[in-house]
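Top line first, the protein sequences correspond to chains A and B. Our numbering numbers the first residue of the first sequence as 104 and each following residue consecutively. Our numbering numbers the first residue of the second sequence as 104 and each following residue consecutively.
Derived from the structure by calculation, the hints contain no laboratory data. Treat the hints with caution; some may be incorrect.
If several chains are the same, the list does not tell them apart, and a pair holds so long as it fits within one copy or across any two.
[To be verified] Here are the simulated lysine-lysine pairs, BS3-like style, with alpha carbons at most 27 angstroms apart:
1) 733 - 633
2) 826 - 699
3) 533 - 733
4) 331 - 836
5) 836 - 533
6) 754 - 213
7) 699 - 831
8) 717 - 754
9) 533 - 754
10) 213 - 633
11) 717 - 820
12) 180 - 331
13) 633 - 180
14) 180 - 717
Number of protein chains: 2
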Amino acid sequence: MQVVPLLALALQGSNNLSTPQTGDDGRFYLWVALGVAVVALGLALMLARAVIASDSGTAEMQAISNAIREGAEAFLKRQYQTIGAIALVLAVVVFVGYHLSPRTAPYAGKTVVSFLVGAVCSGLAGFTGMYCSIRANIRAASAARSSLDRALKLALRGGAVTGLVVVALSLLGVASLFLLFGGLDHPEQVPFQLVGFGFGASLVALFAQLGGGIYTKAADVGADLVGKVEAGIPEDDPRNPAVIADLVGDNVGDCAGRGADIFESTAAENVGAMILGAALFPVFGLKGILFPLIVLAINLIASIVGVFVVSTNETENPMNALNRGFYVTSALALIGLAGAVYSMLNGPGVHPEWLLACGVVGLVTAFLFVWITQYYTEARYRPVLSIVEASLTGPATNIISGLAVGMETPAMPVVVISAALLLSYFFGVKGLEDVTIVSNYAKGIYGTAIATMGMLSCAAYILAMDTFGPITDNAGGIIEMSNQPESVRERTDKLDSAGNTTKALTKGYAIGSASLAAFLLFSAYLEEIKTLVEQKLAVAHAAGLATSMPAGWSFTNINLAQIPVFVGALLGAMLTYLFSSLAIKAVGRTAQMVVKDVRDQFRENPGIMAGTSKPDYARCVNIVTSAALKEMVIPGLLAVGLPVAVGLIFKHFSSVYQANASFDSAGVALVPTIAGQVVNLAGAESVAGLLMVGTIAGVLLAMLMNNGGGAWDNAKKFIETGKYGGKKSDAHKAAVVGDTVGDPFKDTAGPSLHVLIKLLATITLVLAPLFV
Amino acid sequence: MQVVPLLALALQGSNNLSTPQTGDDGRFYLWVALGVAVVALGLALMLARAVIASDSGTAEMQAISNAIREGAEAFLKRQYQTIGAIALVLAVVVFVGYHLSPRTAPYAGKTVVSFLVGAVCSGLAGFTGMYCSIRANIRAASAARSSLDRALKLALRGGAVTGLVVVALSLLGVASLFLLFGGLDHPEQVPFQLVGFGFGASLVALFAQLGGGIYTKAADVGADLVGKVEAGIPEDDPRNPAVIADLVGDNVGDCAGRGADIFESTAAENVGAMILGAALFPVFGLKGILFPLIVLAINLIASIVGVFVVSTNETENPMNALNRGFYVTSALALIGLAGAVYSMLNGPGVHPEWLLACGVVGLVTAFLFVWITQYYTEARYRPVLSIVEASLTGPATNIISGLAVGMETPAMPVVVISAALLLSYFFGVKGLEDVTIVSNYAKGIYGTAIATMGMLSCAAYILAMDTFGPITDNAGGIIEMSNQPESVRERTDKLDSAGNTTKALTKGYAIGSASLAAFLLFSAYLEEIKTLVEQKLAVAHAAGLATSMPAGWSFTNINLAQIPVFVGALLGAMLTYLFSSLAIKAVGRTAQMVVKDVRDQFRENPGIMAGTSKPDYARCVNIVTSAALKEMVIPGLLAVGLPVAVGLIFKHFSSVYQANASFDSAGVALVPTIAGQVVNLAGAESVAGLLMVGTIAGVLLAMLMNNGGGAWDNAKKFIETGKYGGKKSDAHKAAVVGDTVGDPFKDTAGPSLHVLIKLLATITLVLAPLFV
């Protein structure tokens with residue numbers, strides 16, 4: 104590995120860098136990050152034990168809970184087998200691909216190891232979180248028989264196990280690999296070798312979210328179509344053979360799926376921010392690279408305190424209690440962020456107050472996204488009310504008005520994200536105004552990275568609130584099915600309603616962080632391409648080939664006016680539509696299978712509807728499991744395959760579509776050349792176009808689907824409170840149509856798009872060496 | 104005007120251009136273009152007279168037709184007043200804006216003149232086309248009483264008047280302005296002064312399509328909701344007070360709207376291709392600039408022949424006859440294209456066979472788009488059948504499956520467009536391989552321009568087929584309302600069904616040409632910015648200010664990795680969603696007003712339903728007219744205002760977000776400077792990002808809405824043929840919901856997005872001087 108000569112050449116080429124600081128004075132922070140991660144995992148274990156030790160209700164409740172648990176665990180087991188097989192194949196592809204060139208061969212082992220560690224940690228995080236959630240649901244149900252406060256605490260703490268495990272495993276994984284790969288010796292090299300971790304996490308997350316999302320909505324829509332509509336029995340009625348599959352779906356979709364989503368968000372953004380920190384190595388040294396790890400550690404500490412602060416009484420709206428915890432977490436995160444910025448991001452000429460301002464921009468963005476999501480999905484505001492009114496003239500106007508609301512939703516978030524990017528870029532430049540050894544561009548981009556970390560600084564608490572949703576949903580289902588008294592139901596209904604709100608908020612938060620992080624991840628990709636070209640030139644130089652390296656050459660040029668970039672952009676945008684279409688159709692097909700099986704069961708065993716014999720819940724669970732696992736494969740492979748295909752095709756035809764179009768003052772194309780041959784970047788640049796425009800298109804489409812779906816759901820719920828005719832009215836029927844349409848939008852395609860966006864970023868980071 | 108010294112500086116700066124050829128040897132082609140345009144207008148007049156001279160049916164039919172005519176003309180009159188006022192305000196804005204800088208002040212007058220001429224021509228084309236269509240409908244209805252062939256010919260010839268007037272006026276306008284502005288003396292300068300024509304055309308088209316689109320669907324949905332659903336009377340029943348408004352809507356939406364759409368397409372693409380021709384002036388001279396005009400002239404000749412070839416008999420499917428005409432037109436266009444390429448695009452080292460291949464790529468793309476549109480919207484194929492099957496389980500699954508089909512639709516077209524761009528770029532480079540005085544980039548881009556012109560080379564016939572749609576729709580309505588015998592209805596039903604198909608195909612064609620043309624228009628914008636910077640430097644040079652012009656500097660760098668470009672891109676994509684949302688909501692609100700008025704009329708005058716007294720048709724017409732005109736203003740102004748705001752804001756803050764990031768071999772930023780100050784292009788580049796990504800997002804969203812809407816419509820029609828339970832079945836009810844949802848998609852928001860995309864291109868072309 105020619106790391107040192109390579110770096111020397113790169114530094115010599117760009118005369119605006121000083122000698123890097125030694126990495127010594129930041130080591131301490133790596134140990135802090137590792138320590139906090141281990142302590143948080145320990146605390147999560149203790150929390151889990153405490154939750155599991157509490158009372159688990161009557162035998163009847165346990166029977167239901169056991170059925171849910173068995174179904175969920177069986178699904179997860181089979182799902183991980185499928186994902187494991189795909190991951191192993193991809194590991195071989197990456198390993199072989201890296202060995203195709205002598206330049207990248209030395210990194211093949213490290214990349215594959217970090218890929219597999221990322222995949223395993225992601226799977227472990229998903230499994231552990233769900234393991235606790237499906238045990239917390241019955242405990243929360245049981246506690247609801249005596250006290251709202253106890254039920255709330257159990258559900259939130261059950262959720263907190265997921266939140267802590269996810270964030271702590273992500274931190275532990277990245278920090279250990281950094282240590283293992285010699286990050287303390289070559290701090291500015293190692294972040295590039297961690298990209299495999301993000302890719303492994305994204306890959307597992309994509310399939311987990313797709314499979315879980317298809318499962319949950321197919322079971323839900325199928326159970327409703329045949330139960331509520333055909334047989335006329337209420338939701339969660341034990342006579343419905345699909346009811347257990349429906350409850351299993353809440354766990355494997357909302358719970359395991361979102362956990363994997365947030366895991367890969369923290370992992371990818373962490374690694375991306377470390378890569379950008381490496382670009383500022385001359386300014387901050389090792390500390391700038393470790394800064395993202397410390398923010399995650401702060402996140403863990405603040406979230407633990409936030410979770411333990413939450414308590415309520417019998418009369419309070421549980422949402423207020425949850426919000427108090429969120430405010431405490433945010434305040435602590437802000438204090439921690441300030442401490443981290445002032446102690447880590449300093450040096451001669453640095454103004455940390457501006458860098459802290461970047462972090463504040465991230466926190467404010469998180470708040471604004473949560474507020475905007477509430478505006479579009481709560482029945483207090485105009486959007487949902489407009490859908491309610493449109494329901495009076497039937498399902499067609501309900502749908503039209505829901506789609507119009509959905510299409511309106513990206514407007515405000517896009518303005519917020521634009522402002523956040525512009526401000527944090529500006530603050531980043533201001534904060535390093537007096538530092539002359541790095542470009543304004545690197546300063547500004549690091550500012551956006553700090554903002555992204557700021558937004559992530561309460562992720563664990565947000566995830567705890569999110570997992571609270573499926574736990575209370577299941578608790579409500581168990582209470583419903585085990586015929587508990589009305590007062591208990593009231594408590595679980597209150598919790599369930601708060602859970603619906605938190606689930607919607609988390610989606611807003613997830614898409615907000617995805618869009619802010621997108622720019623960070625693009626920049627990391629461009630940094631990596633630049634480093635790869637520099638390495639290539641160094642190898643050629645060592646071999647005595649005529650090498651010209653334009654000094655100050657900067658690969659930050661994704662020029663949309665070039666055909667390869669534009670075509671990549673078109674294909675990226677198209678991918679998000681096709682992917683969503685496939686996901687939605689998968690739900691439709693799987694739901695039809697549920698409908699068929701339930702009809703068969705009713706026909707084969709008339710005792711079910713009479714209440715004299717039990718339906719075969721496991722049969723439905725098996726059908727949905729098999730179908731969801733089958734259906735997740737094609738959209739998943741499309742997402743993985745398209746960027747690879749685009750990059751390789753344009754690399755192959757790069758002589759035709761020369762994509763570097765800058766010229767120096769003598770009119771010579773300003774691109775690196777080896778032995779007179781231009782280093783053509785058409786492949787790498789077209790993939791960048793695909794990534795960037797795919798992200799923009801995906802973010803907007805996800806907002807449409809998440810918020811449109813949420814608005815339809817709450818319009819129906821509003822009518823069910825007795826307004827505009829209440830249940831059984833024509834308006835209600837129309838609103839049910841909207842709600843059903845919104846289901847695969849908000850719980851399958853929308854959340855899967857979040858993951859797709861980040862998968863595109865991580866896969867391009869890992870496979871970049873193949874495109875140059 | 105320092106035209107000559109400016110050009111000299113520009114040429115001297117880039118040492119790869121030879122002395123331009125004199126413009127002499129191409130003048131002939133300008134006179135040919137003008138001559139063909141005048142002859143085509145004359146022929147259109149004769150056709151119109153022949154159509155109007157034919158029999159106009161019974162007094163009862165005339166009464167209905169007159170009511171439609173009065174409503175449509177009253178709407179158009181008021182609409183043009185509103186649009187005229189907006190256009191005058193914008194003319195003043197452009198005039199003042201151009202006067203803000205001494206560089207652009209000399210062009211203010213010419214730009215405003217061409218803007219106003221473009222607006223007036225567009226209005227005239229829309230008015231003339233509709234004038235003839237609303238007279239052709241009753242003649243076609245009357246002819247249908249005796250012969251299918253005569254009715255078909257009358258409807259197609261009525262449509263051909265629109266097709267010919269639109270294309271001929273566009274050609275005449277551009278060619279005359281080129282002559283008037285001294286194009287024969289400064290051929291490579293004048294195309295930039297014609298951008299106002301395209302902007303004028305787009306502005307009128309946007310409001311015409313928005314206003315007409317809102318009108319037609321509000322009347323349609325409103326009439327259906329209250330007539331079919333509430334009162335239980337059939338479609339086109341004369342007792343429905345909204346029935347005339349519905350028929351008026353077909354004319355003002357489909358007919359005038361699409362005419363204005365195609366007018367601005369030909370105008371904008373024409374001017375854009377001329378600007379790119381100017382970049383190849385050293386190779387082709389004047390002929391390369393006039394080539395697009397000659398293609399439009401060929402288009403007119405081929406389409407006239409195509410229209411006169413069409414005839415049928417009583418038993419044939421009218422669609423076959425229309426297709427024969429299309430094939431004849433395409434074959435003639437291909438022959439003409441070959442002649443134009445070989446006679447105009449030649450010179451030393453030019454291989455015209457490759458340039459003709461670019462044109463063929465365009466024609467093939469048109470065919471593929473038409474085929475793909477058929478695949479997604481005809482009941483013979485899987486997509487529509489999947490919606491039909493989903494209708495069996497109710498409206499929710501119908502909607503889910505329609506949206507899934509809609510989201511799938513962009514996949515194939517995007518692949519086709521990508522292939523067309525890559526091939527025509529490659530063929531362009533090959534065709535000029537041996538020409539050394541222009542860059543590969545300019546060669547490739549001119550190749551895509553030839554492909555776009557190839558795709559447009561049968562536009563007039565396509566438009567004739569499109570206008571055939573509303574004429575036959577109205578003819579059917581008149582026959583229905585005047586109680587004609589069953590045999591006559593059968594004929595008009597046949598024609599109406601063919602008309603539905605042609606309308607869907609034209610939308611596919613329109614969006615295909617919009618996406619292929621997009622790249623041409625971007626490139627024209629970049630050429631213009633480059634020219635503006637060169638002029639600015641020349642002015643500074645003349646004033647003795649220290650000026651450095653990096654030789655070979657090329658403004659073709661829309662770098663998505665730069666914050667201003669990325670934020671522009673985010674906002675551009677968001678604009679398409681918000682615009683669609685506003686358009687759809689406008690339809691909903693206006694439809695509610697129709698419902699209310701019809702209910703009022705039924706209550707006030709019970710004789711209407713009894714059939715003893717006539718409803719007040721005019722009242723409904725007035726209500727829809729006022730509402731549609733009011734509702735079109737906000738989305739229209741948003742489309743105009745956002746790019747302007749983005750460009751001006753980033754221009755103002757350009758010192759913060761320096762967006763030029765190329766460096767020369769000494770590490771100095773490779774950007775033009777005046778008196779040591781960098782010429783910052785953050786404003787111009789952010790607008791380019793908005794334009795390009797807005798176009799990509801808009802094209803995909805428009806495909807989703809057009810094809811999704813078409814598929815829902817035909818799924819309903821398929822069930823109405825008696826399949827899956829036929830009319831009145833539950834499946835039919837579900838399919839009606841889908842059809843209603845699809846209405847504002849495919850007839851308001853989708854077509855308006857086509858226009859929006861091109862408006863973005865033309866407004867940025869016209870206002871580019873304000874952003875630099």
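Right, here's what the structure says about each hint:
1. 733 - 633: neither (39 angstroms within a copy, 53 angstroms between copies)
2. 826 - 699: between (35 angstroms within a copy, 22 angstroms between copies)
3. 533 - 733: neither (52 angstroms within a copy, 46 angstroms between copies)
4. 331 - 836: both (12 angstroms within a copy, 19 angstroms between copies)
5. 836 - 533: For residue 836 and residue 533, the Cα distance exceeds 27 angstroms both inside one copy (56 angstroms) and across copies (62 angstroms).
6. 754 - 213: within (25 angstroms within a copy, 46 angstroms between copies)
7. 699 - 831: both (25 angstroms within a copy, 25 angstroms between copies)
8. 717 - 754: neither (60 angstroms within a copy, 71 angstroms between copies)
9. 533 - 754: Result: close only across copies, 19 angstroms inter versus 39 angstroms intra.
10. 213 - 633: within (20 angstroms within a copy, 47 angstroms between copies)
11. 717 - 820: neither (30 angstroms within a copy, 44 angstroms between copies)
12. 180 - 331: neither (31 angstroms within a copy, 53 angstroms between copies)
13. 633 - 180: For residue 633 and residue 180, neither the intra-copy (41 angstroms) nor the inter-copy (60 angstroms) Cα distance is at most 27 angstroms.
14. 180 - 717: within (26 angstroms within a copy, 71 angstroms between copies)
The earlier numbered hints that this structure contradicts are 1, 3, 5, 8, 11, 12, 13.
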